[in-house]
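Chemist: Which chain is which? The protein sequence lines are D and Z, in order.
Mapping of the first sequence onto UniProt numbering: position 160 corresponds to residue 160, and the numbering continues sequentially without gaps.
Mapping of the second sequence onto UniProt numbering: position 182 corresponds to residue 182, and the numbering continues sequentially without gaps.
Just so you know, the hints here were simulated from the structure itself, not pulled from any lab data.
This one's a predicted model, so the numbers in the text were calculated from it and none came from an experiment.
For glycine and all other residues, C-beta sits at the position ideal for the given N, C-alpha and C.
A few of these clues could be false.
Said to hold, decoys possible - Below, a list of computed lysine-lysine pairs in the DSS-like style, where the Cα atoms sit at most 27 angstroms apart: (1) 334/Z x 403/D; (2) 324/D x 334/Z; (3) 334/D x 408/Z; (4) 263/Z x 324/Z; (5) 446/D x 317/Z; (6) 182/Z x 263/Z; (7) 408/Z x 324/D; (8) 408/Z x 403/D.
Said to hold, decoys possible - To spell it out: a stretch of chain D is covered by chain Z in this simulated footprint if at least three of its residues, at any positions, have a beta carbon under 8 angstroms from a beta carbon of chain Z; those stretches are: (9) 37 to 50; (10) 241 to 255; (11) 265 to 271; (12) 301 to 307; (13) 478 to 491.
As the list claims (entries may be wrong) - Going by beta-carbon spacing under 10 angstroms, a handful of chain Z positions derived as facing chain D: (14) 43; (15) 278; (16) 354; (17) 357; (18) 456; (19) 469; (20) 511; (21) 519.
Number of protein chains: 2
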Amino acid sequence: MSDERLIYLPLGGAGEVGMNAYVYGYGKPGQERLILVDLGVTFPDMDGTPGVDLIFPDMTWLKENRDRLEAIFITHGHEDHVGGIGHFWADLRAPVFCRRFTAALAVRKMDEQGQDVEHVNAVGAWPETVKAGPFKVGFVPVSHSIPESSGLVIDTPAGRVVHTGDFKLDGNPVVGEAFDPKLWNEIAKPGVQALVCDSTNIMSPNPGRSEGSLPPALNRLVAEAEGMIVCTTFASNVARVKTLADAGVAAGRSVCLLGRAMKRMVAVAIDTGVLEKFPHTVTPEEAVDLPRESLMLIVTGSQGERRAASAQLSRGKFLGLTMKEGDTFLFSSKTIPGNERGVLRIVNAFSEMGVDVVDDSGGLYHVSGHANRPDLEAMHDLMHPKILVPMHGEHRMLREHAKAGEAKGIPSVVAVNGSMVDLTGPQPQIVEYVETGRTYLDGSVKIGALDGVVRDRIRVALNGQVFVTLIMDENDEPLGEPWAELVGLPEEGRSRAPLVELIEAAADGFIQRADDKVLTDDDQLEEGLRRVVRQTAVEEIGKKPEVVVVISRLT
Amino acid sequence: MSDERLIYLPLGGAGEVGMNAYVYGYGKPGQERLILVDLGVTFPDMDGTPGVDLIFPDMTWLKENRDRLEAIFITHGHEDHVGGIGHFWADLRAPVFCRRFTAALAVRKMDEQGQDVEHVNAVGAWPETVKAGPFKVGFVPVSHSIPESSGLVIDTPAGRVVHTGDFKLDGNPVVGEAFDPKLWNEIAKPGVQALVCDSTNIMSPNPGRSEGSLPPALNRLVAEAEGMIVCTTFASNVARVKTLADAGVAAGRSVCLLGRAMKRMVAVAIDTGVLEKFPHTVTPEEAVDLPRESLMLIVTGSQGERRAASAQLSRGKFLGLTMKEGDTFLFSSKTIPGNERGVLRIVNAFSEMGVDVVDDSGGLYHVSGHANRPDLEAMHDLMHPKILVPMHGEHRMLREHAKAGEAKGIPSVVAVNGSMVDLTGPQPQIVEYVETGRTYLDGSVKIGALDGVVRDRIRVALNGQVFVTLIMDENDEPLGEPWAELVGLPEEGRSRAPLVELIEAAADGFIQRADDKVLTDDDQLEEGLRRVVRQTAVEEIGKKPEVVVVISRLT
């Protein structure tokens, strides 16, 4: 038996949907040569990460082992798979491989962060392969909700690993290659040691529907619309954008793309040859002059993002265009959990304008980009792997997916971020736990999720804040009275007197009562002032604010 | 023609789901005698209202007109209908009327806020009526998701108004009176001038299902569960709690209620005679000693609330009870939009424990308490009103409901909060807009939504904060250097030096360069310091923090 092993180590994406980063390694324990699959981001929210710009997986482990890293492979161009590449390339310094469309997006990510775009290598689809240390990696076209998504065939001395990436089985994906069972059969033929498989839709019991099933309903909706019709979807879902645009043209409408991402994605797809026969579009300036019944806008902002085109339109004029009574707004999309409030804000704003809003609640205008349970099971059957490793999903999804594997007799493992799994033998084995977590991009700085910076912001947001300044003279006597500044607190409470004055009076009272021992000890002074400030606030307004005390001693 | 009129004025609940407060008036314009129907709250969130405890409708208009207010009627005991009564009673000072179960909850709300509970009057169901100025009001039992919900029959000199309250048509509601078409026919017989009608589920195209349809599936699930089974639902849904408890007993399990609201609601329902034959329950102390396969917990926290029993169990031990592999957790509930993240946090935490989580995604374990579109239309047909006023819903729901009315030839109006509608004639007419909005309960203080207090908290949460102090001596010269305190900001940025030091150096540089004109002018000093602090922060960390400057002048 060899003393080398094949390992799998998710650093992000296993136990969550977002910020994917999966490491594979082969070699002697602790000396495995490594590859990284995907390097994505996840998005912050006001609940847990106010003020944060992006969330990355903690890449410390890989950075510390970067001398062992052979290459980085990106399966597709969604932010949760490629969004971190520019931010971490300098820490990792390995060549990046992806297909052409993805490469165009990765190049942009590198460039934005000042990295040399030459490190991004566009490669062809399977059977073309890239050699990376002990690995030979090929990109197998899969259908998803962005062009040129790929599963990876990763050949290792310990056998073949199939890493599905995000995928669905689609016989008619509108853009890109249809699902090809023959091709996958070929891939499975030599035997698959491990199938590392998308889990996102394991909870969906029915077979997934094809992107190609949408045109009839969409065409009908667009044909029957009376005023202007505005459609939103993810800009990266180029197939959907094309289906929508085609529906517009079929109804005799001019199509206008609104929102930077929308225009960019279509342009990249055309440039890279992914998208053919996209209809002629008009600019917003041209659109303004067209009769609204002969116009279709395709816009960004399907998730209710405040700055995207849909939200701008819901607040009034955007690039000269406005919506009004008799217009139709279509969400050709699903609301990601957590985004409901933002989406409903837009829907209700349109309702106030008299705009009819249509969404996918009837199941007509959107299909998912992920394989549902029966499709995942079809993939298991097709690959017939020795080991199943569910990835890309919240814990409940990974667990359900592993159960589905076990039910068929495939040894499966729930491996969350940080679990190093030995895939060499007949059973997956968790051999080590690597420290992992989240890194925040905050403005231009990377900070650790546990650094306390964001915790302090949340505390102020919940409790408000009081700043107290006190000047002590050369004789350790207070010079004047303590001064308070309030942030995020009501002006008055129970006694109907200004809260700031009551707080200053309480602070002054404390200082007056304090003996020399306290007055000469900054810690005691601070602690005492903090206590009386909080006490006064609790009595007056029923809240315990955060308190910062600054004592200036003249010497 | 009379110079008196019948008006309807929603102050809350029209254009949102939450904080219901509907005013009716009859009399000469501007002198109408008034009644208030419901006085509810809505709940804050981190996105828009961090740190806020409760949200009320702005009751200023009614307070200013309280000499015209005859009475307050509460349709049912949900927080969004009764939650504000204790907080505003002192401003309104009118007798409160409701049915017995609701009265028990209203009494508690009054008592908690130090109001005399004698103002709450429990009254019987229709045909009993309460006279209030020109109004005669009766409580007609309807089904909903809390006992003794009522529609109101409001007889006025201008005809009969039917205010549905929250309702559904349920032939078998488990607890309380079944829908009685004969009774409603009687009510419609004299003619209904206006139907003011729940709109919550207008978007749901299929007929609603009965509470009584749930036991088969629930009984099966509980009977087949292997370890402990834990169920959550809204505590106030006493019928559901009973169905769950009955299912537990049928499966030979002891039932334990967990969470204060759960125990309280069941106790109130038993005390008021609403709930009969509720199974014997065991205490948590007794439950700990029982074998888990013969135990069922019914717990609070169906919306993922952090402090409720379900969240506590998902984090570990709660009152000695823990969940583990082989146990089942059932959400017999629907997640309210906006609560998804909190619910998923719990689901995934249970998944990590190996607990099987079951929810209503298959449509088996929950029914809504609101009438769906076909049921609303049945109500329209039954009441045959001259005017339809959709209420209780977001704008999109009110609009859709009004469209449904118009489609049948019933004059309808979308009347959002603040719209005073004249219901006297054959058509509803908006005759005035009253200023309205939201009032926050923040700690123990009521503040206006536009006071800026919460805005300031959000700004700090997003941007962080710098607090700068500067002491100027008697000669208007700086005494020492400016001092900075940072809150919610990274310790260092681009130059890898402590941010606080860089900010202090920049502030000092500004002071050194400042001429006498600036040094003697607090406004210019503050403005200049704020500018250099922000500039340094932007360069170093790419963020523009909030800045507070305190200048102390020794005199």
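Chemist: Determine for every hint whether it applies to the structure shown.
Modeler: Here is how each hint holds up against the structure:
For the given pair, residue 334/Z sits about 26 angstroms from residue 403/D by alpha-carbon distance, which is consistent with the 27 angstroms threshold. Annotation: proposed proximity of residue 324/D to residue 334/Z is violated, straight-line Cα distance about 33 angstroms (limit 27 angstroms). Taken as a hint, the residue 334/D and residue 408/Z pair is broken in the structure, with Cα atoms around 32 angstroms apart against an allowance of 27 angstroms. At roughly 24 angstroms between alpha-carbon atoms, residue 263/Z and residue 324/Z fall within 27 angstroms of each other, so this suggested pair holds.
Pair hint residue 446/D plus residue 317/Z does not hold up; C-alpha atoms about 35 angstroms apart against a cutoff of 27 angstroms. For the suggested pair residue 182/Z and residue 263/Z, the alpha carbons sit about 36 angstroms apart, so the restraint of at most 27 angstroms is broken. Using a Cα cut-off of 27 angstroms, the hinted pair residue 408/Z and residue 324/D holds, with the two alpha carbons roughly 24 angstroms apart. For the hint linking residue 408/Z to residue 403/D, the alpha-carbon distance of about 52 angstroms lies beyond 27 angstroms, and the restraint is violated.
Coverage of the stretch 37 to 50 of chain D by chain Z holds [criterion: at least 3 residues with CB-CB distance below 8 angstroms; count 4]. As drawn, the stretch 241 to 255 of chain D meets chain Z at 0 residues by the rule of a beta-carbon pair under 8 angstroms; below three, the given contact is violated. Here's how the stretch 265 to 271 of chain D fares: 0 of its residues keep a CB closer than 8 angstroms to some CB of chain Z, so the rule of at least three is not met and the hint is violated. Residues of the stretch 301 to 307 of chain D lying with their CB closer than 8 angstroms to a CB of chain Z number 0, which falls below the three-residue condition for coverage.
Three residues within the 8 angstroms Cβ limit are the bar, and the stretch 478 to 491 of chain D against chain Z gives 9, so the coverage statement holds. Contact between residue 43/Z and chain D, as hinted, is not supported at the beta carbon level, the nearest pair being about 12 angstroms apart and thus beyond 10 angstroms. Look at residue 278/Z: its Cβ only gets to about 32 angstroms from chain D, farther than 10 angstroms, so that hint breaks. Among the interface hints, the one on residue 354/Z holds; its C-beta lies about 8 angstroms from the nearest C-beta in chain D, closer than the 10 angstroms criterion.
Of the supplied interface hints, the one on residue 357/Z holds, with its beta-carbon coming within about 7 angstroms of a beta-carbon of chain D, less than 10 angstroms. Given hint, residue 456/Z at the interface with chain D, holds; its Cβ is 4 angstroms from that chain's nearest Cβ, closer than 10 angstroms. Interface restraint check: residue 469/Z against chain D, minimum CB-CB distance 5 angstroms, threshold 10 angstroms, status holds. The beta carbon of residue 511/Z comes no nearer than 15 angstroms to any beta carbon in chain D, farther than 10 angstroms, and the hint placing it at the interface is violated.
With its C-beta approaching chain D no nearer than about 18 angstroms, residue 519/Z sits outside the 10 angstroms limit, and its interface hint is violated.
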